[in-house]
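**Student:** Spelled out, the chains give:
There are 2 protein chains.
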Amino acid sequence: MAGNSRDPGRSVTARALSVLTAFDIDHVRLTLTAIARRAEIPLATAHRLVRELEMWGALQRDGDGRYAIGLRLWEIGLLAPVNSRLREVALPHMQELCRHTHDNVHLAVRSGLEVVYVEKLTTPRAVPIISRSGGRLPLHSTGVGKVLLAHAPTTVVHEYCERGLERHTAYTITEPGRLGRELQSVRSRGFAQANEEMTLGNCSVAVPVHDGGGSVVAAIGVVAHSARADVGKLVKALLPAAEGIRQRLVELDRTELDLLSR
Amino acid sequence: MAGNSRDPGRSVTARALSVLTAFDIDHVRLTLTAIARRAEIPLATAHRLVRELEMWGALQRDGDGRYAIGLRLWEIGLLAPVNSRLREVALPHMQELCRHTHDNVHLAVRSGLEVVYVEKLTTPRAVPIISRSGGRLPLHSTGVGKVLLAHAPTTVVHEYCERGLERHTAYTITEPGRLGRELQSVRSRGFAQANEEMTLGNCSVAVPVHDGGGSVVAAIGVVAHSARADVGKLVKALLPAAEGIRQRLVELDRTELDLLSR
Numbered sequence: 001m002a003g004n005s006r007d008p009g010r011s012v013t014a015r016a017l018s019v020l021t022a023f024d025i026d027h028v029r030l031t032l033t034a035i036a037r038r039a040e041i042p043l044a045t046a047h048r049l050v051r052e053l054e055m056w057g058a059l060q061r062d063g064d065g066r067y068a069i070g071l072r073l074w075e076i077g078l079l080a081p082v083n084s085r086l087r088e089v090a091l092p093h094m095q096e097l098c099r100h101t102h103d104n105v106h107l108a109v110r111s112g113l114e115v116v117y118v119e120k121l122t123t124p125r126a127v128p129i130i131s132r133s134g135g136r137l138p139l140h141s142t143g144v145g146k147v148l149l150a151h152a153p154t155t156v157v158h159e160y161c162e163r164g165l166e167r168h169t170a171y172t173i174t175e176p177g178r179l180g181r182e183l184q185s186v187r188s189r190g191f192a193q194a195n196e197e198m199t200l201g202n203c204s205v206a207v208p209v210h211d212g213g214g215s216v217v218a219a220i221g222v223v224a225h226s227a228r229a230d231v232g233k234l235v236k237a238l239l240p241a242a243e244g245i246r247q248r249l250v251e252l253d254r255t256e257l258d259l260l261s262r
Numbered sequence: 001m002a003g004n005s006r007d008p009g010r011s012v013t014a015r016a017l018s019v020l021t022a023f024d025i026d027h028v029r030l031t032l033t034a035i036a037r038r039a040e041i042p043l044a045t046a047h048r049l050v051r052e053l054e055m056w057g058a059l060q061r062d063g064d065g066r067y068a069i070g071l072r073l074w075e076i077g078l079l080a081p082v083n084s085r086l087r088e089v090a091l092p093h094m095q096e097l098c099r100h101t102h103d104n105v106h107l108a109v110r111s112g113l114e115v116v117y118v119e120k121l122t123t124p125r126a127v128p129i130i131s132r133s134g135g136r137l138p139l140h141s142t143g144v145g146k147v148l149l150a151h152a153p154t155t156v157v158h159e160y161c162e163r164g165l166e167r168h169t170a171y172t173i174t175e176p177g178r179l180g181r182e183l184q185s186v187r188s189r190g191f192a193q194a195n196e197e198m199t200l201g202n203c204s205v206a207v208p209v210h211d212g213g214g215s216v217v218a219a220i221g222v223v224a225h226s227a228r229a230d231v232g233k234l235v236k237a238l239l240p241a242a243e244g245i246r247q248r249l250v251e252l253d254r255t256e257l258d259l260l261s262r
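Protein sequence lines, in the order shown, are assigned to chains A and B.
The numbering of the first sequence is UniProt numbering, which starts it at 1 and goes up by one.
The numbering of the second sequence is UniProt numbering, which starts it at 1 and goes up by one.
Non-contacting residues of chain A with respect to chain B, defined by C-beta distances greater than 12 Å in every case (computed):
#, residue
1, L32
2, A34
3, C161
4, T169
5, Y171
6, T172
7, I173
8, G177
9, E182
10, S188
11, D230
12, V235
Derived coverage of chain A by chain B (criterion: at least 3 residues anywhere in the stretch with Cβ under 8 Å from a Cβ of chain B; other residues may be distant):
#, region
13, 19-26
14, 49-63
If you are wondering where the hints come from, they were derived from the structure by calculation, not from laboratory data.
Every residue gets a Cβ at the ideal spot worked out from N, C-alpha and C, and that includes glycine.
Just chain A, with the same shape it has in the complex (with noise of 0.2 Å):
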């Protein structure tokens, strides 16, 4: 993206936000230098970008001099409709399910061919779990994955099957017919179960957001014990928390909630 010379601001803003990208949840701070080479750029033009984005408050430096991801940043991020209108009406509801289950409780939409975990909730007696809220993992082996999986366009199955289906554990389905025959069977119970396919040990449970309109727009789930995970309980649980979530979100207009999944 950097360098086009024809074009020297789409060149200058692809670079800061190269800075930005240089960020992940394992590099939360960096040093100057750790970026300029992360981000792939000279150090001159690092120390450029990286002094105006600590101005505007996208990045801000701590005492050792290394640069994190500033609060304006997150703030503006804040207004993405995923969370100022997804994951804010759905908390209440996921508190509940946390109150209920004791268990961890996700809200997750897709994006491409990744879950973007929107909020995990968790209790003292909750098995650990790898998640975090802005967080990536596969649709195949995670409960609320498999039912992003089964109601995404028929192309976007085939594509993620196409790219090969990645094993966790022995229990991780990695043949594409049968996991064309799980997410059928996922819309026709109404609810995905994922038994170690992710983590030995744990089960999760989960169920379809739907929008007013049907269409299923996030998934709901509970990661639990798997020898404790009383599955029907947990569904039975889920499928409150999922109406009670669409019937908020039906007081939102049609087109904000083609900007929740991908």
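Based on the hints, put chain B in the right spot on chain A.
**Tutor:** Quick look at chain B alone, frame taken from chain A:
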């Protein structure tokens, strides 16, 4: 900021950032024309920048052709220490508080001369309030704000008072001298209280969240109906939550905590 012809890079980055600034909680979806007007840039420039920001995922477009903040910017924003460090650590303690009190629970930091709400949990029984995660409110008329102001450098308190203390209700403290005595009392008692000072009928109680070094990095508070708020009980519920968060923050690097409150 824009239009510095001696440094086109600076100007382009500033313009790209001004596109993002066009969005706020009352303007989460904007047409291209509205973006150009609010960002004060020519329509052609807005068109080019918006296209680049959309390609990268900082903006997304709905079916009506209006733009919103994109999923990718939201994801990157979540890497800010205020979320990835503070909120993630505090969330289970906030849920616990919510379970006990059935009231609104807030986590907040100070940004300059304002309270920034990092997270807000609520319950069906809680009194309706105007705060939201990512939102800002005054320091002198909210419980969390009083805590943060009481532990801010004296220069911040002076600057805040010099700007004038806005009246929100008949009970808002608007005299600097009285506010000074109130902040002294917040420090000596170890908690703050705001009785109908922001909104009639609402009472907020808040305590400081310390880091390992003893600095106040955040405030945690409860907003209840003023008629049924038992301040002693709320403080008793808040203190162990703040202590629980402190214990987790101790595990973090000192320099990371510099980034939480400014």
